[in-house]
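Novice: Listed here are the chains, written in short residue letters.
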Amino acid sequence: MSSNGEVIAIKNEDHFKEVLDKNQFVIVEFWAVWCGPCRMMAPVVEQAAEFFKDDVVFVKVDSDTFPNLAETYNVRSIPTIVAFSSGQVVTVRAGCLPSEALKSFINGIIGKK
Amino acid sequence: MAAFCRGRHRWKRSGCLRVWTRNLTGKYDYDLVVIGGGSGGLACSKEAAQQGQKVAVLDYVEPSVKGTKWGLGGTCVNVGCIPKKLMHQAALLGTAVKDAKKYGWSIPGPVCHDWATMAEAVQNHIKSLNWGHRVQLQDKKVKYLNMKGSLVDEHTVKGLSKAGKETLMTAKNIVIATGGRPKYPTNIPGATEHGITSDDIFWLKKSPGKTLVVGASYVALECAGFLTGISLDATVMVRSIALRGFDQQMAGLVTDYMEAHGTKFEWKCVPKRVDKLPSGALQVTWMDTTTGNEHNGTYDSVLWAVGRAPETKALGLDKLGVQLNKETGKIVVGADESSSVPNIYAFGDIGEGRPELTPTAIKAGKLLARRLAGRSTELMNYDNVPTTVFTPLEYGCVGLSEEEAERRNGKDGIEVYHAYYKPLEFTVAERDASQCYLKVVCERSGDQRILGLHFTGPNAGEVTQGFALGFQCEATYSHLLQTVGIHPTSAEELVKVHITKRSGLDATVTGC
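First to last, the protein sequences are chains U and W. Numbered by my numbering, the letters in the first sequence go through residues -10 to 102 in order. Numbered by my numbering, the letters in the second sequence go through residues 231 to 742 in order.
Honestly, I wouldn't trust all of these hints.
In silico SDA-like pairs for lysine to any residue, Cα to Cα no more than 20 Å straight-line [unchecked claim]:
(1) W/K357 - U/D10
(2) W/K371 - U/P26
(3) W/K370 - U/Y62
(4) W/K652 - W/T740
(5) W/K284 - W/V352
(6) W/K357 - U/G76
(7) W/K641 - W/K402
(8) U/K49 - W/K378
(9) W/K315 - W/G301
(10) U/K49 - U/S66
(11) W/K402 - W/Q280
(12) W/K373 - U/Y62
(13) W/K299 - U/P56
(14) W/K357 - U/T80
(15) W/K357 - U/C27
Label-pair ranges, simulated between beta-carbon atoms [said to hold, decoys possible]:
(16) U/A83 - W/Q319: 24 to 32 Å
(17) W/I337 - U/P87: 43 to 51 Å
(18) W/V382 - U/A83: 36 to 44 Å
No lab work stands behind these hints: they were computed from the structure. Virtual Cβ for every residue (Gly too), placed ideally from N, Cα, C.
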């Protein structure tokens, strides 16, 4: 259970399911091309993906390409981060998160301080 | 499948069709199915859901001739009001930057405009609105189907997905709010192959360059206006008159301003053919109807703004006997938006005789939803609708044009108060205010009820909105005079207007 520290762009819904099945902790960022704050948050997410690469897999889902996935997880505003543990939703967090806030959010998910 | 059957449902599957038929107790899949997810359709479906109805809305965008397509929200959001106003704003900012120098700002270097930057920002905003509409439908529990809807019978709608899959659904009531699309001229060789319409211009990734806009509607003038404003070479080709249906004196002021500020006009000209040159540019041949002579010109783009046609072809209306207006092709509707077929309603741009405006579609849709849910009997009031044309010099109006007021009341039955004014902001900027003008058309007798109010100037839309309230309350010229102005504004000139056309006196406002 690890990734190479990069944010995985989901290709299709089966791919999404597969990532959730194969990894304990998954952080999913629902983003969209029209979303300004997403552009600001992208480097923060990439940094976090690298920082947590031994524990967490990071995924990004284009909400316009996968509106059904966005609807399934009740994503209403963009960006929204959905944290999964063993395939189940642990937390949904809408809005931008600065670097430290994102790190402590993830630490909370994986049970670390 | 059995889990989805309520009561005693008869259903059958045939090929790729899933057919839900009415069950024996007469229940439908939905209380209401709305075909069309634009300003009207969305408002209607959300209001119906709010009233406790089970609602589905079908929205599908047939790509334009040039292949442009867009998301949920209809014309206004995607290829109308929203991108138009944003690009108009881009153009106004260009003028503002030039004015800024006179106000003390130092603007180093030449100021130039990049289409791609503007277009991307506008397109991203539109996409965020598409998203917002989806979320709203989810929130209001409206079922959204990205399918092309058509009528099978008075209670059955067929939805066709992009992949070609058909779905049938039954509904107690069906509402058609499919709007319209720009027309291409049918008798001009090369028009379809080489021209674009308003469906395309807002989605272009690259600048349209030197553009010929054919038409004289507000679509044509607004597009030519912002293209000029962002420093593109724009020409408007007008067959007869500009802004048909609007007050013609005001229309003249709008086009005079545009001509004085860089938009070229070819009056009384009709295009004959469009050819593509080896360079890739377009050569347009046209005839000047006053002389009979032919001319040609070269352009990078040709934008057809020659009218809009209702989206009724694919609906299957003829087989149900839904009556259409022979001339316009729009659905004939009653005051309650009913069509000639019971429980089929139509409103918005698709309705014959209706204003092609977002706010009227939204309001009519909400009122229709309430009536269909049995919560209200209130009909939509289509009178007193204010509008604004967002040309470089904006024109706002509510009520009758002077010519219509004259037609109804006689020239002696009306009094027209008018004034030429200069917005304060134009003074330091040394801008020409020759076409900044307003007039209030009133009944001549008694308290002089206001019949129409017309204003050209900056922020005309913002100015007119407030006065529309007064109009709705049947304001008179006396009320206007009793209203204290806000100073210094351009709007205050409306409450100070006192020179009548009849007096023949100079109507130029001087001083405070």
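Novice: Each hint: holds or not?
Specialist: Hint-by-hint comparison with the structure:
1. A threshold of 20 Å between alpha carbons decides the hint, and for W/K357 with U/D10 the separation of about 32 Å lies outside it, so the pair is violated.
2. In summary, the hint linking W/K371 to U/P26 is not supported, as the alpha carbons are separated by about 28 Å, beyond the 20 Å threshold.
3. Pair hint W/K370 plus U/Y62 holds up; C-alpha atoms about 17 Å apart against a cutoff of 20 Å.
4. Among the hinted pairs, W/K652 with W/T740 is consistent with the structure: their alpha-carbon atoms are about 9 Å apart, no more than 20 Å.
5. Between W/K284 and W/V352, the direct Cα distance comes to roughly 34 Å. Violation of the 20 Å bound is thereby established for this hinted pair.
6. Between the alpha carbons of W/K357 and U/G76 the distance comes to roughly 30 Å, so the proposed pair goes past 20 Å and is violated.
7. Distance hint between W/K641 and W/K402 is unfulfilled; the C-alpha atoms sit about 51 Å from each other, more than 20 Å.
8. Between U/K49 and W/K378 the alpha-carbon distance is near 31 Å, which puts this suggested pair outside the 20 Å criterion.
9. Simply put, W/K315 and W/G301 have alpha-carbon atoms about 19 Å apart, close enough for the 20 Å limit, and the pair holds.
10. Of the supplied pair hints, the one linking U/K49 and U/S66 holds, its CA atoms being roughly 15 Å apart against a limit of 20 Å.
11. The straight-line distance between the Cα atoms of W/K402 and W/Q280 is roughly 17 Å, inside the 20 Å bound, and the hint therefore holds.
12. Straight-line distance between C-alpha atoms of W/K373 and U/Y62 comes to about 17 Å, which keeps the hinted pair within the 20 Å bound.
13. At most 20 Å may separate the alpha-carbon atoms for a hinted pair to count; W/K299 and U/P56 meet this at roughly 17 Å.
14. At most 20 Å may separate the alpha-carbon atoms for a hinted pair to count; W/K357 and U/T80 exceed this at roughly 27 Å.
15. Restraint check for W/K357 and U/C27: satisfied, since their Cα atoms lie roughly 14 Å apart, inside the 20 Å limit.
16. Roughly 29 Å separates the CB atoms of U/A83 and W/Q319, a value that falls within the hinted 24 to 32 Å.
17. The hint said 43 to 51 Å for the Cβ distance between W/I337 and U/P87, and at roughly 35 Å that hint is violated.
18. For the hinted restraint 36 to 44 Å between W/V382 and U/A83, the CB-CB distance of approximately 41 Å keeps it satisfied.
The structure shown violates the earlier hints numbered 1, 2, 5, 6, 7, 8, 14, 17.
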